[in-house]
Amino acid sequence: MTMPFLAIYLYSEKGIEPATVGLIIGISALTGTFGGFFGGYLSDRIGRLPVMTAAIFTWSAVFVGFAIADQVWHFFLLNMLNGLCRSWFEPISRALLADVTTKENRLRVFNARYFAINVGAAIGPVVGTQLGTTSSTKAFYITALAYLLYALLIVFTLKGSSSELEAGEERKFSMKSAILVLSKDKVLAFFLIGNTIVMMAQSQMDTTLAQYIGNAPQFENGVKLFAYLVVTNAVTVLLLQFPVTNYVKRFQPMNALRFGSVAFSLALLGFGLSTSWIFLVISMIFLTVGEIIVFVMSDVLLDDLAPDHMRGTYFGAMSFRSIGFSAGPWIGGLLLSTFGFEHGFYVFGCLALISLLSLPFFQYGESIRITLADQQSVST
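With our numbering applied, the sequence shown covers 1 to 380.
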């Protein structure tokens, strides 16, 4: 209801220029980059539930802050906290799901989580449009209430299982040892670099694309059109998530991630070339297919790489890809400021080329993974 329209709200209602809007949106991911790693590590130390509940209660307060904020620095601060809360809650919730499910069921569980998120994403933008989120603060208050209810639901649902979700003695390792383990995992390093670049492409949806569709002269009723594109994204996930996932799971995760990168690039190029809503919808479908592949297969790959006692740390380390989420909106904002809303091809063409830079990193990561697997097989 709110975050997809935040960039338009800041530009149209608060008069903030596109590059600064990009920085505000991107600061969320920057704080999440480091916050996610620490949050995942902390959850391995003290348990999932305390960290999750602290994050979700704070998140509710953040959306109240969005409703009453008026100065540029207010939005910077609030979106920093927004990114910190997300970086603590989401990796830990994924690690928790992995904790309580068998390995053969985890792909199905990660799919179910992603499916549930997109049910909300299919409804939220339509509601946000009806509430006038780009010009009204009403939706922020409603979102804050929803997060508060969600926090209470988590507390009461998991209260009886809190002892099972607390860290055991085998998880009592130091931050230094966690960083040392991660730094030696070359497959993880190449995965994170490639994923960071891909996230630069994916982050354009709620920032550069939102501003472009909402303000480009060739599109009428741009705000409503963008809302329907967000709905297209969510509905496409609901329709294609399981078929796409079932198809790509026959490939190695790194190879599947390369397919996702190419889909993102084609989508961005399509946005830049589109002059009608039909081509925008087709481009959004391509972007969504890339999103399905990247988000689901990233969880699968991390689950394969992570030792059981460091699962929270590994999932938290994926927050380092948020550097892409942080840099992407700023780069997109600079391109919009440079070329203007009339020249979408140059803006999105440059972004499409950036997305393709991820391909060699996924290739190197897969090569190292195969080599390590062969060495382990020989030694066995």
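Please keep in mind that the hints were generated in silico from the structure rather than gathered at the bench. Hints are supplied without guarantee of correctness; some may be wrong.
Straight-line alpha carbon distances no greater than 25 angstroms define the calculated DSS-like cross-link-like pairs of lysine-lysine that follow [what the hints assert, rightly or not]:
(1) Lys249 x Lys186
(2) Lys103 x Lys224
(3) Lys138 x Lys224
(4) Lys249 x Lys14
(5) Lys14 x Lys186
(6) Lys103 x Lys14
For this structure, which hints from the list above don't hold up?
Violated: hints 2, 4, 5 and 6.
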